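Once you've looked at the hints, dock chain Y with the ligand against the given chain L.
As they're listed, the protein sequences go chains L and Y. According to full-length UniProt numbering, the residues represented by the first sequence are 1 to 154, in order. According to full-length UniProt numbering, the residues represented by the second sequence are 1 to 274, in order.
In case anyone wonders, no lab produced these hints; they're calculated from the structure. Just so we're clear, the structure is a prediction, and the values are computed from it rather than from any experiment. C-beta atoms are modelled at their ideal positions from N, C-alpha and C, and glycine is treated no differently. Possibly wrong hints are sitting among the right ones.
[Claimed, not checked] For each label pair, taking beta carbons as the anchor points, the in silico distance ranges come out as:
1) E104(L) with Q154(Y): 19 to 27 Å
2) Y91(L) with R8(Y): 35 to 43 Å
3) A49(Y) with G26(L): 25 to 33 Å
4) K134(L) with A264(Y): 41 to 49 Å
5) T251(Y) with S146(L): 48 to 56 Å
6) P134(Y) with D61(L): 45 to 53 Å
7) Y91(L) with A264(Y): 37 to 45 Å
8) K133(L) with A145(Y): 34 to 42 Å
9) N126(Y) with K134(L): 25 to 33 Å
10) H38(L) with E142(Y): 30 to 38 Å
11) P134(Y) with A93(L): 26 to 34 Å
12) A117(L) with F249(Y): 28 to 36 Å
13) D98(L) with A145(Y): 34 to 42 Å
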Amino acid sequence: MSVNDGIIWVHEDAISLDHPVVAAAGPGAQPIFIWDSHNHDALGYSLKRRVFIFECALDLDIPIYAGTPKSILREVANGRAIYAAPSPDPYIAHVLIDLQKDHEVVPVDARPFARIASDVDTRRFFRFWNQAKKTAMLSTQELEASQNTSRDDA
Amino acid sequence: MSDNSQIRPVIFDPKLRLNRSDVIAKVRDLSPNLASVDDQVSPIVGSKAEALKQLGRLNPATYGRTRNHLDGAVTGLSPFVRHGVISTADIRDQALGLNTPKEAEKFIQQLAWREYWQKLYRENPNYIWNDVEPYKTGFDAEHYADDLPEDISQAKTGVACIDQFIAELLTTGYIHNHARLYVAAYVCHWRRVKWQAGARFFLMHLLDGDPASNNLSWQWVASTFSHKPYFFNLENVEKFSGDSVDTRFKTNKTLAGSYEDIYARLFPNLEPKT
Ligand SMILES: Cc1cc2nc3c(=O)[nH]c(=O)nc-3n(C[C@H](O)[C@H](O)[C@H](O)COP(=O)(O)OP(=O)(O)OC[C@H]3O[C@@H](n4cnc5c(N)ncnc54)[C@H](O)[C@@H]3O)c2cc1C
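One chain only, chain L, in its complex shape (with noise of 0.2 Å):
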């Protein structure tokens, strides 16, 4: 780990280190996790939830402190590039557009599910899914593979 190393928010919508964004961030990046409790009372999350959530961070034996996300990965990170998966979840969001002001922080995506274009229909499943079935029905590494093609081709 040297000093110019990243660090990698495991955050609660991707408590994995097999997620592309660990190996995005290199070797020298430091994966932390950040117990929030306070966003647990505001989602009134239940012992179980709670227990489980811990349970699945502790298992990849990663340094877990507990606080608030901004200011644990602004004292964490003190300068260096923050990776993390990108989530829809409006907490996470924030917090890493707030991060941007003075980080640069670097999100990556997770191994993909389908190719499906941005003007999809999606008001109802059975649209979306006609259109995602053709390459939801490749393996990762075909789906990967044709992307990789198609962005040859553009």
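Quick look at chain Y with the ligand alone, frame taken from chain L:
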């Protein structure tokens, strides 16, 4: 970690192996505002090894045939997927490795539901707590109660199968998709409670509790994100549940009847169902 960091992790010992009671004590310690009355812990343990164990039991072909049965070959992977311990891409790859694409398709289509709800969440965060469309039940939103009655949250409704499903949710943090549909329909249509109240309750307890999958499924049942309300009858519960669920008439009277009868009872302002 940077040397000038003032804060210290609460856990930083790669060799630390806590037993479950130590984990629970630690979680309580780190959750000072958690009411002490809440003392249930799920038998489902959070770890990658557990996720892989569940994944190892995957049988997409049997899944396709039995998934609607409460004792069918569903995977129990949702808590792990919800928290990213395992990805839908990894699960799909496993499914494709086990069966022909045709046999695996139903299972992969179910995985796609998660992707679908997540996409909607990303693009329309306002869908999560607001009605996407009006109710199609013959009632307006203001006809529905704001809060979940206590008999529901305590599994004491007096409707035996519903109480069993809620009790299972409270103790394990997981119930089968069909049980979720039954409970949600009971809350929205039999009790005429806003889907938001039911969704909030599920999110407190489901280990897989996810704002998108949960709230948009509730909206699907309520009819605020579907063409018509989802409802069921006792016969349907009987058909899909094994012997462990109490589906006797005398303990589930309000659910008994033909679809036409129940429809007329639940949605008296709509045209009769023929
Ligand atoms: C009222 C209601 C609330 C729900 N709340 C949630 C929730 O909070 N979180 C959640 O993950 N699912 C939710 N679901 C969807 C579904 O019930 C669960 O995903 C499923 O029962 C999980 O069990 P499993 O892992 O054994 O599923 P399997 O049938 O084995 O499916 C495999 C995986 O596919 C995904 N999946 C399957 N069906 C669905 C579906 N209909 N919607 C979304 N994802 C699906 C899940 O990630 C699941 O783990 C809800 C459904 C209803 C009707």
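Hints versus structure:
1. Look at E104(L) against Q154(Y): about 49 Å separates their beta carbons, and that is not inside 19 to 27 Å.
2. Checked against the hint of 35 to 43 Å, the C-beta distance between Y91(L) and R8(Y) comes to roughly 24 Å, which is inconsistent with it.
3. In this structure the hint that A49(Y) and G26(L) lie 25 to 33 Å apart at CB holds, the actual value being about 26 Å.
4. A hinted range of 41 to 49 Å for the beta carbons of K134(L) and A264(Y) is consistent with their spacing of about 43 Å.
5. Range check, T251(Y) to S146(L): about 54 Å between beta-carbon atoms, so the 48 to 56 Å window is met.
6. In this structure, P134(Y) and D61(L) meet the distance hint of 45 to 53 Å, their C-beta atoms being roughly 50 Å apart.
7. Taken as a hint, the range 37 to 45 Å holds for the pair Y91(L) and A264(Y), whose Cβ atoms sit roughly 44 Å apart.
8. Distance hint check for K133(L) and A145(Y): the Cβ-Cβ separation is about 40 Å, which falls inside the suggested range of 34 to 42 Å.
9. A C-beta distance of roughly 30 Å is found between N126(Y) and K134(L), which places it inside the suggested range of 25 to 33 Å.
10. Between H38(L) and E142(Y) the beta carbons are some 33 Å apart, a value that agrees with the proposed interval 30 to 38 Å.
11. Roughly 29 Å separates the CB atoms of P134(Y) and A93(L), a value that falls within the hinted 26 to 34 Å.
12. Distance hint check: the CB atoms of A117(L) and F249(Y) are about 51 Å apart, inconsistent with the given range 28 to 36 Å.
13. A beta carbon spacing of about 37 Å between D98(L) and A145(Y) agrees with the range 34 to 42 Å that was offered as a hint.
In this structure, the hints that do not hold are numbers 1, 2, 12, in rising order.
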